[in-house]
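Below, each chain spelled out in residue letters.
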Amino acid sequence: MSGLRLLHTADWQMGMRAAHVGSAGARVRQARLEAARRLVRAAGEAAAHLMVVAGDTFESNGVDRLLVQQVADILASAQIPVFVIPGNHDPLVPGSVWEHPAWQRHPSIRILREAVPVDLSEVVSGDGVPRATLFPCPLFAKYSTEDPTLWIDPERRPGDGIRIGLGHGTVQGAPIESEPDYPIPRDAATRRGLDYLALGHWHSYASYPDPAGCVRMAYSGTHETTKFGERDSGNALLVEISAPGAAPVFTPIRTGGLTWKVLEPELRTSADLERLCEHLENEASPEATLIDLRPSGLMDPSDSALVDRIRTLLDARFLYGRLELSRLYCASPEGDVAWIEALPPGVARGVALRLAAWASSGSAPVGVSQEEGPDPAVAARALRELYVLAREGSAS
Amino acid sequence: MILLSIQVEGWRCFALPVALESFDAGLNVLHAPNGTGKSTLFEALARAFFDRHNSSGEAAEALRPWGRDLTPTVTVRFLREGHEYRVTKQFLDAPRCVLERLEEGSYIPLANGPKAAEQLRGLLLGSVPGHGLCDARHWGVAQILWAPQGDLALGELSEPLIGQVQMSLNAQLAAAGSGEVERRIEQLYGQYYTPKGRMKSGAQAPPAVALEAQLAAACARRDHVAATLEELSIASEDVARLRAEGDRLAAVIAETSQEYESVRHKAEALALLRSKVETASSRVKQLEAQYERLQQTANAIAGARREIHDASREAELLSARIPVLEEEEAGAAVQRAAAQAEVERAEQAGDATGLEAVADAARAFAETSRLLAELTKLEVHASEADEERRTFRRKREELGKVPDRPTLAGIRDTLHRRDQAAARLESASLTLTLKPAPDADPGMISAIRVLTGDRPAPGSVLEASPGGDPVTVQGAPEVELELPGVGRLRARGPAGTVEQIRKALEDSTRELERLTAPFGTSDLHRLEELVETAHDLETRQRAGETALKTVLAGFAEAPDGSRRTVLAALEALRVELAGQAARLETILVRHPEWRENPPDPEALQRRLDEMTASRQRELAAARAQLSKADAVHRAAQVALQRERSALDHAQVRCKNAERRLASHLEEDSPGGAQADLLSPAPDRDAERRAHLTRLAMDREVASERLKEAEGELARMSSGPDGELPDPALLETRLADLRNRRDRALQDAAHRQGELARLASEAPYSRLAEAEEEIAQLTEELAEERQKMEAVRLLHEVADSCRRSAFENVLEPVQRTASDLFHRLAGKRLGPVHLGGAFAVQGVRPTGVDSVVDLRQLSGGEREQLHFAVRLALARELARSERHLFVLDDTFAATDLERLGRIRSVLAEAAENDNLQVLVLTCHPEFYDEWRVAESARFHDLSGLLARQRQEASGTHVPSVEAMAK
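Chains as they are written, first to last, in our numbering: chain A, 3 to 398; chain B, 5 to 969.
Check the hints yourself; a few may be wrong.
Claimed, not checked - So the derived list for chain B, only partly shown, Cβ under 8 Å to chain A, looks like this: (1) L192; (2) V243; (3) E662; (4) L665; (5) Q756; (6) A772; (7) E776; (8) A779; (9) Q780; (10) K791; (11) A794; (12) A802.
For the record, the hints were derived by calculation from the structure and aren't laboratory data. Glycine included, C-beta positions come from ideal geometry on N, C-alpha and C.
So that you can see chain A by itself, here it is in the shape it has in the complex (with noise of 0.2 Å):
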């Protein structure tokens, strides 16, 4: 197909915090980086006349001016031209990211610093590329309640040729959790003439078709998930447009490298635990993947093993795991209590059965009066305390 092609990603949010994969931040950071390098390749695979990022290229304009120049050396790297525009992250603001002379040195990058209309034919030329004018959205604060797309004319003038919307902010109705920044009515494109809007500030992929049917502004989502739960993300968007008011054609480019899990196993005897193990065990490409292992059910302090051994998986195979025992209880005394008649009787078998009564507790239907005790949990950990004591001693 002839036509404009132009690779659509937002949202690198390099350098981002992840706090929520505590030690393994450090290597999400470096997956991100890695990820552009593969979007870079990407576009020059798919032939595209040009890139463009709109917005939270950086998570922050306080991130290492060391980042700032290898990112900087990954878009340069692509053999087409760059366009950048400032997000709500990064705004184009004294002493932003967008200072580093690093940008001065690759002219193949241009940070749009200004809402003016770019004609794009004086950088994307060639045989069967069709004429076309960007008109970029650059942000200078991180919040407003403007829309940033309200400059743009949309008197389509003789010379625009193909209409491109670069902006940044919030498609009314997208399910971002903050407040609105930078609103961006749903028909946007339609609104300022323009034959594509690309789209940033939701990490995952969504599109607003025209009341035609026609998809004229998305958000490409970011390249390099995020965070455990994100959907449709780790994508770029390669969108083809033949001529000014002909439709777009998307063609989504994975570019994510990680894999985030979130498991949540319902365990009810030990053979399922071992399963569970078993799973992990089996696991593709654990290097990349990230897991967030919420088992729930029931957990005889005996299989303190297997729980110890899931823990082990989790932390070496992984490039990050989580294990949440909180919704797994111990069994309740009515259930497997074996090791407990083991013991001797006296204070340990007493100590025992108290404090399975309490930690059995936890999971008593909602509704069902419960044992006064501790925390359910804590006497659960007591628990296997307990049996791990009581095994050592008959092991001596």
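For this one, chain A is given, so just place chain B on it according to the hints.
Same frame as chain A, but now just chain B:
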């Protein structure tokens, strides 16, 4: 733990080595008389297990035998859990502790030094004090098992000991292994918490402490970089703001520059217009001035002309009236002169008689005559009084010196004292009287010599004759006579009193002479008469003086105010008298007839008064006439003067008007046409009026032009922008704006530098790292805290379970103790009651609801009760292991019958309750039953020591061998 043997050396009373060996696993009796050293051995046993071998201090030094420099050493052999051990503990000198175990027939060291001591303490759960030697509180289970002398009652049990007993009691209900789990729980708890439940600190602190420290440090780093990030944001906003301010100011500067140029051009145009207005205004003013001046001149000429005409007319009228008025004034002057002459005549007529002078002289004559008479009378009285005064003074002077009344009283007193002394001397003197006998030898009495005496004086010779007058000699204090051919006759009285009286007599005599010498007599009566006479004369003299002063009172004061003496006053009286006499003579010289016929002043006065009244009436009438004439004359003068003044005024007005006309001509004559216009000449009046009309028209034209110029100026000044700004102010404002812009740009550049510095610190990246670390540490810390909470919970639940179990077995212990006590003391006192720490609370006799305190029991019953409790607990402790049970002379108050029961109980304990019993006593006969039954081993300490003394060779260690079983 079973005791096998004990050996001491250099220990208190045991200087030489002493060994007690072959203890039986059942009953043992160690006996000896008091002071032999039984309790010393008991002490050595306890110190072998519990004390630090390197203890020092006074208490440790007391272990040495008195007066010897020996090293206290104790060696104990014992059995535990089937193994035989030996402990050797040496105190003070080269202290050491060695724990050995018998292995294959040889003692092999297990531990030495502090570790050995710790292991030994651990055997019986003992503890060690902070310093010094141990006491029973540190003995662990031995606190129950070993009863020191006289201290059978259990003291306050230590917490570990109570725990040990509880665990031991639990053990009977629990299978083997439960205790081990509990121990592991305690060990685990001990990894995190102190025995008091606090989290461990320092090197032994749990990992959570280090994690908390790391977390705090990470939080501090996070806060620091967060602040830096915030600072970066603020600096960025500052730079943006300052740049915007710079841009805004630049725009304002451009706008203000334009305004300045516009205002400057407009100001120049305004200046030109203002100049035009000013010129027009000057022209209008000039024309107005010319018009005003010419108008004023015309008015002045007309006014002067009217003035001259009016004043000339008035002068003519006045000149005609003045001669009439002059004639009226002259007539009034003549009439006034006539009245004046009449007044003078009336005044002169009053002085002609001279009667007033005669009346005055008559009054003076009468007055002077009266004064002269009075003064003469006064002078006579004064002279008489003066003479009398002089007479009495002369008589007093003739009387001479006379004592005053105090002196007279002194003389009278002295005389009285002298007379008294003379009388007393008279009565105190010896009086020796010799009455010559008729047949006395004259040779013997004719020349009697007074040797001592007062009267006659010593040395006097008294002559007596036979049958003649007696001869008397007085003296004091003695009188001595020499009788020729007979000898000396001496009479003596008391010497002291007479001498004093005589001295008083002499003193008073001399005083009297001194007092009376000035008056020429010492006769008191004469002196009194003189005093009275002198007093009378002096009184009369003073009366004369008083009378004189009274007479001369009017002359006592001198003209200058000072007081005169009497004589001066008298002289003044006489001078006044002479003066009045002279005045009278002067009057008489003028009126000699009054010498014979004195005048009547009052009649003369009446005549004078009548003449004076007549003259006054005439004078008043003349003066009234004069006043009237004078008023008429003055009125005529005034009228004449007024008319003359009016004439002068009219003439002056005329001259002034003429001068004004002349002066107008002189002052306002610039010459030419203007001079003609200003001339007062009547032929110029028409021309002047014409010129005035021209001037008025010119002024109207000039005013119109001025209004036009002012209107234009007002239009320009109040244009669309209002008041035209001051260009200088605009220039100043422009400079200020440029300064502010430059400052804003400089500040922006400065903040930009700071911004670059802050950005170079990569605060967000550091923040991300810190927060990730915090998240990691928080997770780890939560894990650790949960584990610690779990361990604490485990411990608390174990403790709770143990307490519950203890409470379950306390009752059996009480029951056992009660059974034992009932066997010893009968059931009368009821069951024994124990507290939570096995403290004996008392007993509850049958039928009594409350527990009876121990103090209500007898001494023997208390001993038996404590024994029962101690033994009951010991039996529990010995369930898992055989233990040594020691009683050191503990039954001082128990009777023999109950002692026999105690023997039985002890025998059963040794037989059935896993206890090795050792009784230390000075009454081995109490345990003869055991000896007979050969159920106990007896150790005779005194016998041992006796043999030792016999065999003391320095190398042999005597020991008590088994004597009976």
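| task | Against the earlier hints, flag every one the structure doesn't satisfy and list their numbers going up. | result | Hint check: 3, 4 fail, others pass.
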